[in-house]
Structure formats: C-alpha cells, structure tokens
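This is what each chain is made of:
2 protein chains.
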Amino acid sequence: MLQELGIRAKAVELQVALLNCEEKNRGLCSAAAALLEQAEEILKANQIDLEKAKENGMRPALLDRLTLSKERIKGMAEGLRQVADLEDPIGEVTGMKLRPNGLRIGQRRVPLGVIGIIYEARPNVTADAFALCFKSGNVCILKGGSDAIYSNQKIVAIIREALKKEQLPEDALLFIDDTNRKTTQEFMKMNSYVDVLIPRGSAGLIQTVVEQSTIPVIETGTGNCHIFVEDSADFEMALEIIDNAKTQRIGVCNTCESLVVSAKIADEFLPLLKERLDQKQVEIRGDERARKILPSITAATQEDWGMEYLDYILSLKIVDSFEEAVLHINRYHTKHSDAIITQDYRCAERFLNEIDAAAVYVNASTRFTDGVEFGFGAEIGISTQKLHARGPMGLRELTTLKYVIYGNGQIRK
Amino acid sequence: MLQELGIRAKAVELQVALLNCEEKNRGLCSAAAALLEQAEEILKANQIDLEKAKENGMRPALLDRLTLSKERIKGMAEGLRQVADLEDPIGEVTGMKLRPNGLRIGQRRVPLGVIGIIYEARPNVTADAFALCFKSGNVCILKGGSDAIYSNQKIVAIIREALKKEQLPEDALLFIDDTNRKTTQEFMKMNSYVDVLIPRGSAGLIQTVVEQSTIPVIETGTGNCHIFVEDSADFEMALEIIDNAKTQRIGVCNTCESLVVSAKIADEFLPLLKERLDQKQVEIRGDERARKILPSITAATQEDWGMEYLDYILSLKIVDSFEEAVLHINRYHTKHSDAIITQDYRCAERFLNEIDAAAVYVNASTRFTDGVEFGFGAEIGISTQKLHARGPMGLRELTTLKYVIYGNGQIRK
Numbered sequence: 001m002l003q004e005l006g007i008r009a010k011a012v013e014l015q016v017a018l019l020n021c022e023e024k025n026r027g028l029c030s031a032a033a034a035l036l037e038q039a040e041e042i043l044k045a046n047q048i049d050l051e052k053a054k055e056n057g058m059r060p061a062l063l064d065r066l067t068l069s070k071e072r073i074k075g076m077a078e079g080l081r082q083v084a085d086l087e088d089p090i091g092e093v094t095g096m097k098l099r100p101n102g103l104r105i106g107q108r109r110v111p112l113g114v115i116g117i118i119y120e121a122r123p124n125v126t127a128d129a130f131a132l133c134f135k136s137g138n139v140c141i142l143k144g145g146s147d148a149i150y151s152n153q154k155i156v157a158i159i160r161e162a163l164k165k166e167q168l169p170e171d172a173l174l175f176i177d178d179t180n181r182k183t184t185q186e187f188m189k190m191n192s193y194v195d196v197l198i199p200r201g202s203a204g205l206i207q208t209v210v211e212q213s214t215i216p217v218i219e220t221g222t223g224n225c226h227i228f229v230e231d232s233a234d235f236e237m238a239l240e241i242i243d244n245a246k247t248q249r250i251g252v253c254n255t256c257e258s259l260v261v262s263a264k265i266a267d268e269f270l271p272l273l274k275e276r277l278d279q280k281q282v283e284i285r286g287d288e289r290a291r292k293i294l295p296s297i298t299a300a301t302q303e304d305w306g307m308e309y310l311d312y313i314l315s316l317k318i319v320d321s322f323e324e325a326v327l328h329i330n331r332y333h334t335k336h337s338d339a340i341i342t343q344d345y346r347c348a349e350r351f352l353n354e355i356d357a358a359a360v361y362v363n364a365s366t367r368f369t370d371g372v373e374f375g376f377g378a379e380i381g382i383s384t385q386k387l388h389a390r391g392p393m394g395l396r397e398l399t400t401l402k403y404v405i406y407g408n409g410q411i412r413k
Numbered sequence: 001m002l003q004e005l006g007i008r009a010k011a012v013e014l015q016v017a018l019l020n021c022e023e024k025n026r027g028l029c030s031a032a033a034a035l036l037e038q039a040e041e042i043l044k045a046n047q048i049d050l051e052k053a054k055e056n057g058m059r060p061a062l063l064d065r066l067t068l069s070k071e072r073i074k075g076m077a078e079g080l081r082q083v084a085d086l087e088d089p090i091g092e093v094t095g096m097k098l099r100p101n102g103l104r105i106g107q108r109r110v111p112l113g114v115i116g117i118i119y120e121a122r123p124n125v126t127a128d129a130f131a132l133c134f135k136s137g138n139v140c141i142l143k144g145g146s147d148a149i150y151s152n153q154k155i156v157a158i159i160r161e162a163l164k165k166e167q168l169p170e171d172a173l174l175f176i177d178d179t180n181r182k183t184t185q186e187f188m189k190m191n192s193y194v195d196v197l198i199p200r201g202s203a204g205l206i207q208t209v210v211e212q213s214t215i216p217v218i219e220t221g222t223g224n225c226h227i228f229v230e231d232s233a234d235f236e237m238a239l240e241i242i243d244n245a246k247t248q249r250i251g252v253c254n255t256c257e258s259l260v261v262s263a264k265i266a267d268e269f270l271p272l273l274k275e276r277l278d279q280k281q282v283e284i285r286g287d288e289r290a291r292k293i294l295p296s297i298t299a300a301t302q303e304d305w306g307m308e309y310l311d312y313i314l315s316l317k318i319v320d321s322f323e324e325a326v327l328h329i330n331r332y333h334t335k336h337s338d339a340i341i342t343q344d345y346r347c348a349e350r351f352l353n354e355i356d357a358a359a360v361y362v363n364a365s366t367r368f369t370d371g372v373e374f375g376f377g378a379e380i381g382i383s384t385q386k387l388h389a390r391g392p393m394g395l396r397e398l399t400t401l402k403y404v405i406y407g408n409g410q411i412r413k
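Protein sequence lines correspond, in order, to chains A and B.
Mapping of the first sequence onto the working numbering: residues 1 to 413, in sequence order.
Mapping of the second sequence onto the working numbering: residues 1 to 413, in sequence order.
If you're looking for bench data, these hints aren't it; they were derived computationally from the structure.
Everything hinted at is true.
The list treats identical chains as one, so a pair stands whether inside a single copy or across any two.
As a list, the in silico BS3-like pairs of lysine-lysine whose alpha-carbon atoms are at most 30 Å apart:
| id | residue 1 | residue 2 |
| --- | --- | --- |
| 1 | Lys70 | Lys52 |
| 2 | Lys264 | Lys10 |
| 3 | Lys54 | Lys44 |
| 4 | Lys280 | Lys264 |
Just chain A, same shape as in the assembly:
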C-alpha cells in the first residue's frame, strides 16, 4: 500500500515540478473554493473524529485543535489563497558564472521532489502543508494523526477532486490513511520515494522521527527562548519586550521561557519586572540570587533552565558577566530564538556573534520568529537544526538548487 503511494508520487513528480505558477495558483484557488462549498461534509467527518476522541478521553487542549468549525474551514481556504498570492520560488538562477574554459555554471532553484509530512491530530495542517508543497512544485505524502483520520480523508478528497477538475495531477497530494503505527515506521524508511521528511507536532513526535527516519529530516523544534537584560538596558524597553515575549501568546515556540539578568542592575530591575509580570499572573522561578531580591518568587530547580513551559511561567537567572550569560544561554536554549536588551554597541555585536540560535535579536521580542513576520507570507515550521534551513521555513526552504551547465563541447584536460 505504502509502496504503491511512493510509486504514484514518483510518477507525477516531474509533472508537478514543471507546472507553471499560473497552473499552481489555479489549483490552490480551486481547492480553496471547494473546501468552502463542501464545508458541511467536512464538519460531518470532523464530528465522527470528535466523538471518537471524546470516547477515548482526549484532553481539552487537543480536542480544541481537532475541532473544525465553519470559521476554521474559512481560515483553511483563506490560507490556500494566501499561498497562491506568494511569489513562486521555482526557476530562479543564482550566481551564474562564466568559467575560464567557457562553461556557464549556475544554480537553479527547483522543487525538492516528494516531501513526507508526519503530523498530529490538527486537520488544518492538511490543507496548509499541501498548499506550501504544491506551490513550491513538490508532491506531498501526508501522514496525519489517527484521531483526525475522517476529517483528513475528507479534506484530502476535496482537494484532490479540485485538482482533477482543473486537469492538474491529483496525485500531487497523497495521503496515508492507514493509521497503523507500523505503517508510520515503514514510511520513515522509504528513501527511494521520499526526498525529505518534515515532522510537525510535539517534541515526542519529532524525536521519534529524528531517531527512526533514514530519510533526511528537517527538524522543526521546540523553543526555549531566552532574553538577556544587559547592564545598559533601557528598563522600560526591557519590560515591554519581556511582557510581549512571555505573554502575547503563551503556547507557541517563539515565546520567551527564560530571563537572564545582569547582577549589576538586578536590585533595581527585578522589582519593576515583578510588578509588571504580576499584572499578567506570570509565575517567576528564580535562582538563589534572584530570590534574595524577590523573596516571594518560587525557587528554580536545575530542570527549570531547560524547560519550554508554554505557560505563564518564566525562569530567572542572575549572572555576573556577559560571558556567563552567553554560556548559560548556549547551554540551555534550544537554538531557536534569543534576544539581548542593551544600549551598548559592543554587547549587541558580541551577542549576535556568540549566541548559536536560528534567530538572534537585539532589542526586540523573540515572538517575531515567524514566517509571516519575516516576510515569507507563510511557513511550514521553524527549523532548529542547522542543515538546509534554519529558522522559519517558507516556500524557498521547500526547494533545492541544481547546477545547470551550458557548454559548447568542453572536455576536461
């Protein structure tokens, strides 16, 4: 079954790669319209998933992610249209050079080929992942969470039908509807058919894929983002940024989870910080020195430094030097996003140089690490690994470069 999907993917790979931008946009808009037209059917399928999930005692937060509504389907359709509006990354040639022997060598941006995506019970990811893969000229094979199987099957059927109606290859979107865990394991070893695997979801899911896949994986990861308040920081700016980075949206990976404050300013800054965070009921977990200044806060344990709370909790560490701050952050962060608040030119430069993260900020909220905020229009995830793509991954990150070489009879001497 799985191999058959792989063969079908390979059979349309070249056709999908060669679609022009107009054709791809037509497919996306037609799929968007079809999702709206058949919203009732999607809701019915979703209802079956929801009932089963409730029977199985699914937690409310997960139930919420699984639940579709007319509004959410409208959001899905809107998402497809937005991707249609984005610039097509395919075909651009960079760095074309004329070599001394007359060869012209350039790098042309082309689709990756077949992208596998493994995700959990969030049916909106189905339309979203398809849109980004399709616009970048890739075939996608989706493996969604078993709890969303009916919703996903319906969404996939509607999109495929829309593609067919437009005389576009419907196999550009393939779906594994076998929910057996063994199938997922086999999927992760289909190197002959799948060029890259992107897991989207919990840390546990991502860890499993990284460990078991023999296909190259792009790791989209958890965020333990830090903000360092340096000696020369503008306190008002620091408070604004910390408040925003911690509380503007609590459950996402670019939220600030840990604060590092210079000992020189701690006496003055910490009371202001507490006052500000108290207004949002943020629990501060501090080290011993922080607790000397703020006796009422919780004591941080060793474990706290590595935590991605995704909650109204913030860890707080006092440091004696810039070096200590960098060491602490590079040790405990997840290489996602970190910020310094400073008015000192040299500290700003050093922080940008020395912090090893996908996004390093001076005087701004970590919440900006996001495809839309970075100007990509949409994103498939935020990569915390270093190969291929780092940070928010838009359409461009779903492509690769191949060398094209124009000769007129050159041979190697």
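Got chain A sorted already, so can you dock chain B onto it with the hints?
Leaving out everything else, chain B in the frame of chain A:
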C-alpha cells in the same frame, strides 16, 4: 571516551567559530609546514599500517590508497596551503531587509559547529577534511578507517601541535582512535555534540551511515552518470565528450557510465562510437537494438543500467524519443551528473528542466562536476542528496545561515 571528545568539541566550538581569517590561515600554514618537517615520522607510522594491511591481505588498490610517500605528504601540505588561500565564507550577510515595523532582518553565514567525518583507510583525507572544516570555522571529529590508524594518529598529532604552537585551539581537530566498530555506531548517535555527519568512502560505508545515524547526514554519493546523444548532436563533439567523460579518469564518481542514443542517429553514430572507444579498449554493453548495429558488443542485462562500473565499460541504450531518454535516465541515474549532446535549443532546455540531478550539462563532459572545476578551490565531497547542499561541496557548504535581527524596542502586536 567518545562523550569526552564531544564535550571537548563543544568547549572550543565558539572559540573556533570566532577565529578570524588571518588566525585560521596561520593555523593551516603552520600545520602544512609541520607535516613537511615531520614527514619521516609520518612515513614510519604509515609503514606500520602498511605491514599490518599486507598481513591482512589488503587488495592492491586499497593498499595504494593507504600508502604515503614524501610526494603525497607534500601534496597534503600543499592542500592545506591551498585552503588557506581560499576566501573565508564566514560572516557574509545576505538579504538584509528592513521590515515595515523597523526591524532589520538578515541572514549571516556562520559555521555549522561540530562536523563528524567518517572515512576509510585514506590518510590524506585526515589533513584534507581538517583543513576545510577549520577554514569554515568548524570543529571536526574524525573517525578514520582502522587500517590507517597509525598514520592518522601521527598526522593528527602533528596538526594539533602546530595549532597549539600558534596559540590556536588544538581541539579544533579531534580524532577517535578507538577502532572498535561499536564506537562508530555510538558516534553516529551523538546528536548533542555533533551537528552534521559526512561519510566519505565506499557506497557501503555511506549506506551504513545513512541508515544508522540519528545526526543529520550529508550523503556524498556514487555516480552513475549518463550522456544522451540527441538527434541533432554534432557527432565529433559527442565523440570527444564521451571519450573524455568515460576515459579521462576511470575510478571517479563523475565518470560517464551509461550512454543513451536516439534511434534516429544510431545507425550512423554507433559505428563511429565503437571505433573511437575501441582505441581505449572500452567494453560496450548494449541493448538488443544497439547489438543489431554493433553485433560484436556484449549484451547489457537489466543490472547494467544501474551500474557504476568505475572501469573501461560503458552501457548503451537506444531510445525512440526524448521522453524515453529522460525517463530512462531519471530511473537509473544516481542524481549525480548527466549531459545531453544536442544542437537543438528546445531539447537543451527540456533536458535542463527535466533531469533531476545535482549537475545537468548541455554539450560538456560530466567530468567537470568537481569543486575545483566549479571554482570552489576545494571540496569535501559531492552531495547527491537534495537537502542543504547538492553537487560539489566547498567551504560554503560547511556553513549555515542564522538570522540576525536589529531592533529598537519592537514588540509583536
């Protein structure tokens, strides 16, 4: 032991990343001089490896690769100096943009961090791999073949000593001198310490690393390169290029292994081809239609289409159409390098569009797929996968991009 190496690598990672170009070049040149000065000691160590290898009945081709000489050590030193001469890729910022909210967002080229390299009994790779990793600001942990252990230990000791003498971090070059196979397996799972793993060597070694590593791998691969002689090809050019691509150097991955010829020109072209290749004693293995024109050639089996011969052998397939040629090549090639010989504009464009390989050529020899020929100065290997790097990998491909963001108090609304 292995974990200790990982900890040492991490301890100097930032220091190595922040070395400026001058410091790195000083280290490389000093290491080059030290290798020359202590050539006798390297040769002595190599002698021990060679004697053991002969006792173990190593094949002559492998023995040759293991053997060092004064000349080869000179070559190693020269290689280090050449890398010193290359432009430093670190620090370049691309695409700095001013966002509507005033944030300046750019991508800065930075080292990958810690690079693991697993290779076979070729001691020259030791110096070579170190040079490329060091110049690109990376720490490397090398795991060489056990047959070259004494040679490698000596080379590593000399380079480390040279770094130390220059007051540069000697742990920029780390070496696993435990030749136990289990150690290699553990090494491939050291995700907390190693950012990327590059296997260099036989198809078997690469396959093992791809299957077992949980660290991201860059696959440097085998080459089953094709040349397609299209209807409008200039025969003289085709013969020159085929001769060059097949015979200029026989044992390398960018050598042509398979020929695809349009049926329309086969009657006329094949006798010329045979005459030319006979001069170099190249055995042609043809399909049935080729054998009707050239009755004396060997019959190709199904297996031949997928073969990387690395020998004076060439498979030959006759096709009825452009489409058939593309299908055949995309099915059997290793996505390394393929060429078309044509005078037809449309065929040239279609070939560049439709062949899915790291390097696609019009009217030139596949032998050009090489870091030096592409103008990179040196290469660590040729990637046949699509993530991160495709084709020859130079210094640039040993780096990643991190987002640097300059703000003045921006928060997300």
